[in-house]
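Trainee: As a plain string of letters, each chain reads:
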Amino acid sequence: MSEVSTITLSKKDFISDQDVRWCPGCGDYAILSQVQKVFPNLGIPKENFLVVSGIGCSSRFPYYLDTFGFHSIHGRAPALATGAKIANPDLSVWIVTGDGDSMSIGGNHFIHVLRRNFDLNILLFNNQVYGLTKGQYSPTSEIGRISNSTPFGSVDYPFNPPLLALGAGGTFIARGIDREQKHLQGLLYEAYKHKGTSLVEIYQNCWVFNDGAFASLTDREIKMETQLILENGKPMIFGRNQDKGLMLKGSKLEVISLTKKNSINEVMIHDEQNKIQGLLLSELTYDKNYPTPIGVLYREEKPTYETMLHNQLATALKTRGKGNLDKLFNDSHTWKV
Amino acid sequence: MANKSKSKKNVDRVVIRFTGDSGDGMQLTGSRFTEATAIMGNDLATYPDYPAEIRAPAGSLAGVSSFQIQFSSDNIGTPGDKLDVLVAMNPAALKTNLADLKTSGIIIANKANYTDKNLRLSGWELNPLEDDFLRDYRVIALDMTRLVSNAVEDMDLSLKLISRSTNMFALGLVSWMYDRTLDSTINFIKDKFAKRPELVEANIRALKAGYNYGDTIEEIQHVVTVSKATFEPGVYRNIVGNQALCFGLITAAEKAGLDIYFSGYPITPASDILHILSGYKNFRIKTFQAEDEIAAIMSVIGAVFCGDLGITATSGPGMALKGESLGLAVATELPLVVLNIQRAGPSTGMPTKTEQADLLQALFGRNGESPVVVIAANSPADCFSTAFEACRIALEHMIPVVVLSDAFLAHGSEPWLIPQTKSLPKIRTHLAGKSNGFNSFKREEKTLARQWGIPGTKGLEHRVGGLEKDIETGDVSYDPINHEKMMNLRQQKVDIIANDIPPVDPFGDKNGKVLVVGWGSSFGAIREAVNRSRKENHSVGHVHLRHLNPFPLNLGETLLKYQNILVPEMNSGQLLLLLRGKFLIDASGLNKVQGKPLGVDEVYDKIIELAGA
Ligand code: SF4
Chain A
0 MSEVSTITLS KKDFISDQDV RWCPGCGDYA ILSQVQKVFP NLGIPKENFL VVSGIGCSSR
60 FPYYLDTFGF HSIHGRAPAL ATGAKIANPD LSVWIVTGDG DSMSIGGNHF IHVLRRNFDL
120 NILLFNNQVY GLTKGQYSPT SEIGRISNST PFGSVDYPFN PPLLALGAGG TFIARGIDRE
180 QKHLQGLLYE AYKHKGTSLV EIYQNCWVFN DGAFASLTDR EIKMETQLIL ENGKPMIFGR
240 NQDKGLMLKG SKLEVISLTK KNSINEVMIH DEQNKIQGLL LSELTYDKNY PTPIGVLYRE
300 EKPTYETMLH NQLATALKTR GKGNLDKLFN DSHTWKV
Chain B
0 MANKSKSKKN VDRVVIRFTG DSGDGMQLTG SRFTEATAIM GNDLATYPDY PAEIRAPAGS
60 LAGVSSFQIQ FSSDNIGTPG DKLDVLVAMN PAALKTNLAD LKTSGIIIAN KANYTDKNLR
120 LSGWELNPLE DDFLRDYRVI ALDMTRLVSN AVEDMDLSLK LISRSTNMFA LGLVSWMYDR
180 TLDSTINFIK DKFAKRPELV EANIRALKAG YNYGDTIEEI QHVVTVSKAT FEPGVYRNIV
240 GNQALCFGLI TAAEKAGLDI YFSGYPITPA SDILHILSGY KNFRIKTFQA EDEIAAIMSV
300 IGAVFCGDLG ITATSGPGMA LKGESLGLAV ATELPLVVLN IQRAGPSTGM PTKTEQADLL
360 QALFGRNGES PVVVIAANSP ADCFSTAFEA CRIALEHMIP VVVLSDAFLA HGSEPWLIPQ
420 TKSLPKIRTH LAGKSNGFNS FKREEKTLAR QWGIPGTKGL EHRVGGLEKD IETGDVSYDP
480 INHEKMMNLR QQKVDIIAND IPPVDPFGDK NGKVLVVGWG SSFGAIREAV NRSRKENHSV
540 GHVHLRHLNP FPLNLGETLL KYQNILVPEM NSGQLLLLLR GKFLIDASGL NKVQGKPLGV
600 DEVYDKIIEL AGA
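So the protein lines, in turn, are chains A and B.
At position 169 of the first sequence the residue is numbered 168 (numbering that gives the first Met the number 0), and the sequence of numbers has no breaks.
At position 114 of the second sequence the residue is numbered 113 (numbering that gives the first Met the number 0), and the sequence of numbers has no breaks.
Hint data in this document are derived by calculation from the structure and do not stem from the laboratory.
Be careful, since some hints might not be right.
As the list claims (entries may be wrong) - Here are the simulated EDC-like pairs of lysine to aspartate or glutamate, each with C-alpha atoms no more than 20 Å apart in a straight line:
{"no.": "1", "chain 1": "B", "residue 1": "K189", "chain 2": "A", "residue 2": "D12"}
{"no.": "2", "chain 1": "A", "residue 1": "K192", "chain 2": "A", "residue 2": "E300"}
{"no.": "3", "chain 1": "A", "residue 1": "K335", "chain 2": "B", "residue 2": "E253"}
{"no.": "4", "chain 1": "B", "residue 1": "K441", "chain 2": "A", "residue 2": "D16"}
{"no.": "5", "chain 1": "B", "residue 1": "K457", "chain 2": "A", "residue 2": "D12"}
{"no.": "6", "chain 1": "B", "residue 1": "K457", "chain 2": "A", "residue 2": "D330"}
{"no.": "7", "chain 1": "A", "residue 1": "K335", "chain 2": "B", "residue 2": "D83"}
{"no.": "8", "chain 1": "B", "residue 1": "K191", "chain 2": "A", "residue 2": "D330"}
{"no.": "9", "chain 1": "A", "residue 1": "K181", "chain 2": "A", "residue 2": "E230"}
What the hints assert, rightly or not - Label-pair ranges, simulated between beta-carbon atoms:
{"no.": "10", "chain 1": "A", "residue 1": "K194", "chain 2": "B", "residue 2": "G458", "range": "27 to 33 Å"}
{"no.": "11", "chain 1": "A", "residue 1": "K326", "chain 2": "B", "residue 2": "I584", "range": "45 to 51 Å"}
{"no.": "12", "chain 1": "A", "residue 1": "K36", "chain 2": "B", "residue 2": "T472", "range": "23 to 29 Å"}
Unchecked claim - So these bits of chain A aren't anywhere near chain B, every CB distance computed over 12 Å:
{"no.": "13", "residue": "G24"}
{"no.": "14", "residue": "T132"}
{"no.": "15", "residue": "Q272"}
{"no.": "16", "residue": "T284"}
{"no.": "17", "residue": "G322"}
Source: prediction; values computed, not measured.
All C-beta atoms in this analysis are idealised placements derived from N, C-alpha and C, irrespective of residue type, glycine included.
All chains, please: the whole structure from these sequences, using the hints.
Mentor: Take a look at the structure:
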């Protein structure tokens, strides 16, 4: 990629000519803006970006980015991205999906794309509701949610996306929040850098059908108490005065106060590559007694599917020579008339 | 080889069916006999039939596996209706296949397997080999297990290995009866068991023992010979339908200068296509076994968007699952090929049995009006040209193409005239080069094909999707008039292909009493039936449709030239419905839905009924 160093792109290169049609106040705007800021700085020629989506509010995303884009069908974006990545491994492939799209109708493709570890990125806009179909509860809505399809409250237990991803063999699992723009930008860079399937779950406010779902995480007054901002190699501390930490007690995490002397030494150090830690952090997702981890929960290096497949193609070419039709047709008993 | 002491008798054609338990190696036996027959220069057609269960209980009716071959000095198109020889390795095989044997046909049975237990399992009250139940047939009942055991006496083999080699004994015997050489099978055995010399020895001895035994038995008076068939000059090989499909795809990719991307999900009887293509990586074929049928086609759509020749293969139930995605390919006007190897439905149906009941599904099985091109193969060897044609139409017209094959074609085989690859036409594509102000909806006048702008090419950035698009720009549009224009455009893109395919040219009489219109795997049966009725001076024509959507331009006027239109199909009348609906003609059907191919006799009888009326 000799072109890389000479590429100068800016945010406006990634703004398409289509009118953005999300509701005013939707969290999607902030995410779009971060993506448009990050893409020009990745050193990738514009024509090498492919953004793929399924169906839902978030899945309109590709129309607003001036890259190659494919607005596919409900839940199937990972499958489409799979074929694209195999066909052309040089592309930078981004999947944009929602909680209904990826956790419900597309659940199967979601787990399999993670398992196979293609080098692509999934931005999962989790607003815990079906927006485009006007407000039904979703697979990430809390149990008891009153919605138009659950007037008496839902009796459905929600999925925990990072935990699901971890179970599926995901190699990069991160969480961000639409309103935490700088932090989100950082995650997008990290996701891009990771050679494997990167999942970035983004808490996204649906202003119309689920406004305030993440208020406790975004409200200036309290977010210091509710967010646990993960940094690799750093202790897991949080709180308005950075006075609380997470400590491993037995096989559970516990919140401890850091006001006592030396108590900082008891706080767990974040190790992105520690799967057990990733598991413990994922488990905090719905627990109101703990802060919500944001940042990179887990990261693992392993070969990608497309690399292994293309290695096989190269080996076959080397050992057997370029395929020859006449040889192929005559590879069984033949006779002349 | 044995000195043949018996006289020879020449016949035109022979039909043999090898049957036994699924563990008896009948598919192998049949395919070895087929190869030896191909070497003899006969025309041939084969049809394997096996249970859906991998190992149904040994000796049960459900566990019977069979392989049928017809070979002839004439040109034939079917594996034959009635059997001259039935090899029945066990009583279950005899029970399920006897009805297809000609009166005074030959039964070859391995007596050793006609045990009380096996008889009971297959519902025989008495041993048919011992009472006179089979008096209308010529029965050669041998204890093959003992005969093989004698032949390998000095080798210290287990009884299991010995009984496993009885299929080679049967093959040897039948090879002697029909004057086939053993060389190709001996080479095959040496190759297959290269690492187990004792198996090579045992199988070859069993094969030869069977062959030599032919000379000694009284039930056989003479060796039967079949003269060479006349073929168009060229180099031939025997080919199975699914393999021919793969060869057609690979050839098309080369002629278009594209890589193949193939994705499938395991499903009978289409899985072979995934197996075969995944072995040809040096042709730059990328194969992907997807997590489900939907992922398979969606990944193909992704690969096609990125410039590969994209193909997926499935069978009816999988086709149902792919419906929404195929609609997306229609809406995005991407060139992909979907192979449907039809099997008996509905639902899971009979996975290993054949049927051609997915024609209407291919045409109409999606939401909205979502026209695709539909073409069908008519014989195992024809699968090659059909696959090539599908890729050609898809790429040159930027449109999805559905190919209909079926279980009968998929696993059946026949000689294939190997094409001169240099003489095959190149395939055009609509790949766009670098551009400023690219518009993916700029269309070629002749085909209405849009431009194929693939990622990685500078200046072609654009968005596609399943939402309705503006006819000029390709941007999302909900405009009512535009929607109607787009619906018409998608239909027109299909219709226009009629200008790009050959007109129908009826075989036989160009006008007259009866026109038989068929499609798909019933070709051979129809052609033979038409030939037979024409020899008896009936005026009959035959049109076999490769292109089912759109139809050839002159089909309507051709139909008007005959008094009767007969449409034989392995369904309840799907092409019939289309012809009646489109051309307002009073065609009649011959419909069979038994999971079995159409027979020559039944088509012939119906022709005579109409021709005589
Ligand atoms: S419905 Fe909700 S998620 Fe959808 S655009 Fe409106 S605010 Fe955003």
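Trainee: What are the numbers of the hints that this structure violates, sorted from low to high?
Mentor: 1, 3, 6, 7, 17
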